[in-house]
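Assemble the complex: chain A is given as a structure, and chains B, C and D must be docked to it using the hints.
There are 4 protein chains.
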Amino acid sequence: MPQKGTKKAWAGRFAETANPLMEAFTSSLAFDKRLALYDIQGSIAHCRMLVKQKILTRGEGEKIVKGLEGVRRELEQQRFAFLPSDEDIHMAVERRLTEKIGSLGGKLHTARSRNDQVVLDVRLYLREEITNIVQLIVALQKQFARLAKRHGDVVMPGYTHLQRAQPVLLAHHFLAYYEMLSRDRERMQQCHARVNVLPLGAGALAGTTLPIDRHHVAKLLNFPSVSENSLDTVADRDFLIEFLSASAILSMHLSRLAEELVLWSSSEFGFIELPDAFATGSSMMPQKKNPDIPELVRGKTGRVYGHLMALLTILKGLPLSYNRDLQEDKEPLFDTVDTVKGVLAILDAMLPHIVFREDRLSEAALGGFTLATDVADYLTEKGMPFRKAHEVVGAVVRWCVAHQKRLEQLSVEEWRQFSSVFDHDLLPRLTLESAVDRRRSYGGTARVNVQRRLRSIGV
Amino acid sequence: MPQKGTKKAWAGRFAETANPLMEAFTSSLAFDKRLALYDIQGSIAHCRMLVKQKILTRGEGEKIVKGLEGVRRELEQQRFAFLPSDEDIHMAVERRLTEKIGSLGGKLHTARSRNDQVVLDVRLYLREEITNIVQLIVALQKQFARLAKRHGDVVMPGYTHLQRAQPVLLAHHFLAYYEMLSRDRERMQQCHARVNVLPLGAGALAGTTLPIDRHHVAKLLNFPSVSENSLDTVADRDFLIEFLSASAILSMHLSRLAEELVLWSSSEFGFIELPDAFATGSSMMPQKKNPDIPELVRGKTGRVYGHLMALLTILKGLPLSYNRDLQEDKEPLFDTVDTVKGVLAILDAMLPHIVFREDRLSEAALGGFTLATDVADYLTEKGMPFRKAHEVVGAVVRWCVAHQKRLEQLSVEEWRQFSSVFDHDLLPRLTLESAVDRRRSYGGTARVNVQRRLRSIGV
Amino acid sequence: MPQKGTKKAWAGRFAETANPLMEAFTSSLAFDKRLALYDIQGSIAHCRMLVKQKILTRGEGEKIVKGLEGVRRELEQQRFAFLPSDEDIHMAVERRLTEKIGSLGGKLHTARSRNDQVVLDVRLYLREEITNIVQLIVALQKQFARLAKRHGDVVMPGYTHLQRAQPVLLAHHFLAYYEMLSRDRERMQQCHARVNVLPLGAGALAGTTLPIDRHHVAKLLNFPSVSENSLDTVADRDFLIEFLSASAILSMHLSRLAEELVLWSSSEFGFIELPDAFATGSSMMPQKKNPDIPELVRGKTGRVYGHLMALLTILKGLPLSYNRDLQEDKEPLFDTVDTVKGVLAILDAMLPHIVFREDRLSEAALGGFTLATDVADYLTEKGMPFRKAHEVVGAVVRWCVAHQKRLEQLSVEEWRQFSSVFDHDLLPRLTLESAVDRRRSYGGTARVNVQRRLRSIGV
Amino acid sequence: MPQKGTKKAWAGRFAETANPLMEAFTSSLAFDKRLALYDIQGSIAHCRMLVKQKILTRGEGEKIVKGLEGVRRELEQQRFAFLPSDEDIHMAVERRLTEKIGSLGGKLHTARSRNDQVVLDVRLYLREEITNIVQLIVALQKQFARLAKRHGDVVMPGYTHLQRAQPVLLAHHFLAYYEMLSRDRERMQQCHARVNVLPLGAGALAGTTLPIDRHHVAKLLNFPSVSENSLDTVADRDFLIEFLSASAILSMHLSRLAEELVLWSSSEFGFIELPDAFATGSSMMPQKKNPDIPELVRGKTGRVYGHLMALLTILKGLPLSYNRDLQEDKEPLFDTVDTVKGVLAILDAMLPHIVFREDRLSEAALGGFTLATDVADYLTEKGMPFRKAHEVVGAVVRWCVAHQKRLEQLSVEEWRQFSSVFDHDLLPRLTLESAVDRRRSYGGTARVNVQRRLRSIGV
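Here the protein sequences line up with chains A, B, C and D, keeping their order.
Per my numbering, the first sequence starts with residue 759, numbered consecutively.
Per my numbering, the second sequence starts with residue 759, numbered consecutively.
Per my numbering, the third sequence starts with residue 759, numbered consecutively.
Per my numbering, the fourth sequence starts with residue 759, numbered consecutively.
Some hints here could point you the wrong way.
Claimed, not checked - Only pairs whose alpha carbons sit at most 27 Å apart, straight line, appear in this in silico BS3-like list of lysine-lysine: (1) C:824 x D:1146; (2) B:1140 x A:1146; (3) D:810 x D:821; (4) B:824 x A:1140.
Unchecked claim - Here are the in silico distance ranges between beta carbons for each label pair: (5) B:980 x A:900: 27 to 35 Å; (6) C:1110 x A:896: 48 to 56 Å; (7) D:1186 x B:1182: 55 to 63 Å; (8) C:1189 x A:890: 52 to 60 Å; (9) A:1096 x D:841: 17 to 25 Å; (10) D:910 x C:811: 27 to 35 Å; (11) B:977 x C:1111: 43 to 51 Å; (12) B:904 x A:1096: 43 to 51 Å.
As the list claims (entries may be wrong) - Quick partial rundown of chain D residues pointing at chain B, CB under 10 Å, derived from the structure: (13) 924; (14) 1021; (15) 1027; (16) 1046; (17) 1050; (18) 1130; (19) 1158.
Bear in mind the hints are in silico, worked out from the structure with no lab data behind them.
All C-beta atoms in this analysis are idealised placements derived from N, C-alpha and C, irrespective of residue type, glycine included.
One chain only, chain A, in its complex shape (with noise of 0.2 Å):
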């Protein structure tokens, strides 16, 4: 059985050597790669500190920086060779800082532990990471609030049920995934407060003997804080789980917006055109010009949900502190981070060249009856209770139903055959302009409304 396997890290104790399925199975090298250049900027950090503390000696802290740059420069300029026999990244750069300065380079791992230097590497990737995510979601929003301003005076149907209900302005429907992406930007931020703690220090789980200074290992990262607790700090993948909340929450507002888009270039909707060079056509059907962005964005919300149910699963019921288990954080979070990341953007360069078609807009936007709101609130104002107002509005749509006509094209006799209240002061309501103008109240799709909204994000 146990083949000739390679030499660990923790030899020592074993007798055996490492059999290779159990090297392949556990080895975490193929994903955990992508945190090469943050491990060494955490390593040199370390290195820096132990030589201020004076574990390490000047002379021993330059030869390991100096290693460590090397190092970095392989991997920068993609010639770091990977061995099949590295367990992980840590272990990869360790073997290669060795080779390139000789045993020094297992002082390195004075006073850590890859418990610790694992969650560092993660802490340090994600951060920067949110704060891309961070400002793809204010490009998006502005593309939005663009839109608005663009399009400021084109009506729409407004819809519940995906039933026509009232009119609304086109930019007040932008606006309100301005509002959306609003409360996702502040969820990454308020994330972000959380994943930006130092972990180094924590060791295997109950910190070091030897007198490191964590602060400063803090300060030369940029830390603005430290971890309170060892056994905490190498235990819990909170931060992840709410990473990927706040992506699955902005994952289903990019979804919704997807399924508009889908929608709206559908040809029964037939509310917009997309731009050529953002479709795709079929192999099959000449004719097809397909929605594969939005519906590609709609779908890969399942990836991130499906991530974040990956990572609850994991922390489940596990004892403290550090678990194997946790090795499975990364994937997920490396792929809702190329997808949230992804999605933002195509959406972004998508966006602006989608064509509007504001005739069928507006056309739609009178259909289905979307002006009844705007008779009963008349009624209302006349004095009718607000549930008998309804009744009378609802006999005359029926009637409307039945004999083919939209409510604009009644006469005063025929309002009046349904209430006495009506009177010519109804008919200069019965228009989209009065509709969406009229909706002042505070939120409202009044222009008014709109504009002053998109004066105050500064648009």
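Then chains B, C and D, alone, in the frame of chain A:
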């Protein structure tokens, strides 16, 4: 087919009455009745604003408010008779109001829709429950702090991979949970701020044409801010999902505690004795004393995760704005609130009655060669590269396993067979107290650290 | 602390009585009372077997069975008074039995444990409910088959990417759901076989020392087989998860139907008119007629997915055998059964009353250049490589878009400007009927296929 | 904006070339290249059928098949050069084919679409992988059976609530996993039957106008049946979700085994010794030997659950038929296949090398009053109602706990102080062998049962 149904708020437009199957399928009364008092609270504020804005007369307003207060008393005294024909809590309240004050009751719904009304109710409910949950978290944190203080000197084995790793203070272990709960509390509080926004006035989706004053309602109901976009207000439920994720993370943390309590109360660990009053027996096996509470705490994690997944699924790919799918948000929410509160409360009640068997804990802390890292650190301090020191100590451990010895039992001579660096100053280090207290790095398990942390959190 | 609690089945070993908070937290009565009749059914069979095996005397057996039948009547007539001190349904029934027949009631629990008893109850319950669900699936399949028959000639646009792709028969579309439901039914039936296994006799975990006859109990309760391993029997819940996944897949299918009904009842599609009796209105917008049923069907998918995730989470990483976490299996199960049955029943009731607007369907079927593939196929038949044909037709479509023409409107001369292969025999092909009927490949949409399939399923 | 893109299969209809961002976002080549050989296998069968049906000439067919075989060789020898402009594996293969045999390559796509082609590839892939997984399950079952045979007489404590409950055979415990895996195998096999259906010929969604013979293709590719409905064929992925659920349940089972291996290899349990070749150490703590493999097995449950949730989410609420969201089905599928196979293989390799410490197991089996039920059974046999017997033994246990005695250590006189029913025939019962062997009820832990079961499964 269409049997006799009941008259609906929207009957005007319909030729047929509702099918009873449909009524049963769509009714939300069975669960949204929990929102009754919040519904009335919101309606009273809405009514007062309508009076202030002269949309209702003072007299109308007084009658409506008085009527609502009557309905509230009936609810509080459980005299309120719900009817099967009440579609939801909003219609039930309005129906009863109208029975009490006549058709004037119908005026209450002026300038609002059930779409904004229900979000108001949910936000009023949830902001209160988050406050309750935060208090329960704080109470549980205090239990951990008190336990840490009470058992200040007890040493236990710290684990990684469920293998004994290094000795730690039991108090340090408790404080790890304190820190996790701090972040849970923070997440809940930040979520609270996003819940605490007035939605009323968004109308069905587009705002209202009536001259309402949303900021006045916000003031009456103590909302620090007012939602910015009417479509977003009725369409989104991200604040619920955020609450469910914060709850899922909290539950994950508590599932880990629960797992440890289950392990620790096993015969094999024997670290704790659960109080009889908080344990159960077996109907078949007379000797059993089972840790049912931690098991259920661990198991209930599943339902919270499930509810999160439910709501994420519900919202995925829904076009704006309100869709009836959103009605499905309430049961997962309510059950999560109940579950999280129940779990926090029972742990708070049980924790102080757990008996910690200090002898077993410290005996275990010495087992498993937990001082091996201290020996390696000793060698490192004497100048040996860490990797080499690790190897030497690994060999000592292997020898001890083969000869059934503990590290503390070796003589200096025996040590020196493995490396000449070992000397007499090694032996005093090989005690639990030394191992714990030497881990003075910030966040490490040394008593001085734990005491400092307890002071900083005010215990 | 420990206030006055109630005496438990396991009181002998305990010095303190149970804490009331603990009792409330661990009690399952609120939900497992649903199993009451199954519990009694199982107990009667168990008792009869004990008599047959002479573990009880005939006289004891008769008294116990008579007592249980009395309890059953109380339950059926809703005269059974549950007490807060009844921990669960098993204890409630036994408590009441003992009140009726005295301490002899205590003998019923001979040779069994609540661990095997509860799995028996759940299996009795679930096998019945799966049978009910299968019947509901079959009924819904019949609705689709009937609809397919009724609307046998109606053509609609088939979609890919929600873009009109090729004309298909509405009947073909219905039969797609028929096929999905066939697989759902199969999955349910195969799950049923794994549910339908007798667990009783596994005892608490290890079997029993008493000379019971499990095969006799199986015969009395109509179980075709008996579980093979006592530990597995009380520890696993895979049959529940399997049921939840089969339900999740079924719900997924129905969510797709629901989505289509929502789309089709929009003004934009206008393909169907929902019956008034199965639609709802708006409390604010008098004109609205909303597809609440399909929306709720779609939304309820979330709760089924959530319950699946809950149970997967609960079981993850639990050591053998029974753990109290498993008590959390029931609410997700019950709610899934209710949800799935409710959804199937309401769709079954609603589907036959939907009005299909055949004019809108066939008009749409012609839109969007749905015959373009037929033109490409025409070219292919004439010997042009498919990829080339595709390109030619793509150019025709682009030209038509620019000139606002439909394919059917082009003359042979116009066609020939794009390729000389086009000839007069093209024109008769450019009808919906031709397009549909020429798709005669097995499983294709041709009328002859659809009729054959309807015959093969007996409609 | 639209930079230089590449020419697509659907370029005819488009005025602009594809945006490179869009190409990168929508390309599936990075992952669907795994399907390459299945794609060619399917294409060859498709081509042969086209020849048989005279849609292609014999000469054309021969050239195409030869070309495809050339492409296959390039793939097998890893000489195939994928281009960034290859959208997916289908286009990559066809592009290469056309390079080899000229524009004739374009004829291969006659009478099919990528929509049915991709489902074919996935079904070919998955049916093979399910077969592999079933073999791995069977191999693991054999390991458990062999272990059960090898350790036939070893007694261990059976647990409920992780409390020692009753003695069981270690072999019985192994066979519990055997049974779970039997059901997993069944589920996989039944899923296989639903995967093993030919989709090709469904075309893009509606079938094809060309005179293809799907049953001939099915025969060539060894599919026992042909899909019934073209829309269903390209739109659904229920067979994938079913496979993911079967995998999730299997993973759940293995996570429980993994949890037990982690517990059992702890110092506290000490039931097993993991082979050095399948354990890892710590880079910091020289004494550690960690159960990384079971930990990772347990953790990987999360990713399988997550993938299931991902695919459920993706399909929720999608209208028929094909939507691009479905492209997201592949990565969860592939990763689940890899994970499940990896986990099964490593357990199969590791299990036979685990050392079971029989002394620790039987010592533990006697601890925790595991014979208490036997005493209660003894009293029951003497005619005492079970509930009363339970109470008596509970009191004995309490007395023993207080006096630090084991049940086996009490004299008859001491027993009689609790009940006069006790007599000398009690004492011989109080051994592990007696306790185990007396549990002879079908499925119970008695040696005779376990041996019978081993014979029935052929070990």
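Comparing the hints with the structure gives:
no., hint, verdict
1, C:824 x D:1146, "22 Å, holds"
2, B:1140 x A:1146, "91 Å, violated"
3, D:810 x D:821, "15 Å, holds"
4, B:824 x A:1140, "24 Å, holds"
5, B:980 x A:900: 27 to 35 Å, "34 Å, holds"
6, C:1110 x A:896: 48 to 56 Å, "52 Å, holds"
7, D:1186 x B:1182: 55 to 63 Å, "58 Å, holds"
8, C:1189 x A:890: 52 to 60 Å, "55 Å, holds"
9, A:1096 x D:841: 17 to 25 Å, "22 Å, holds"
10, D:910 x C:811: 27 to 35 Å, "28 Å, holds"
11, B:977 x C:1111: 43 to 51 Å, "49 Å, holds"
12, B:904 x A:1096: 43 to 51 Å, "45 Å, holds"
13, 924, "7 Å, holds"
14, 1021, "7 Å, holds"
15, 1027, "5 Å, holds"
16, 1046, "6 Å, holds"
17, 1050, "7 Å, holds"
18, 1130, "4 Å, holds"
19, 1158, "9 Å, holds"
Consistency with the previously given hints fails for number 2 only.
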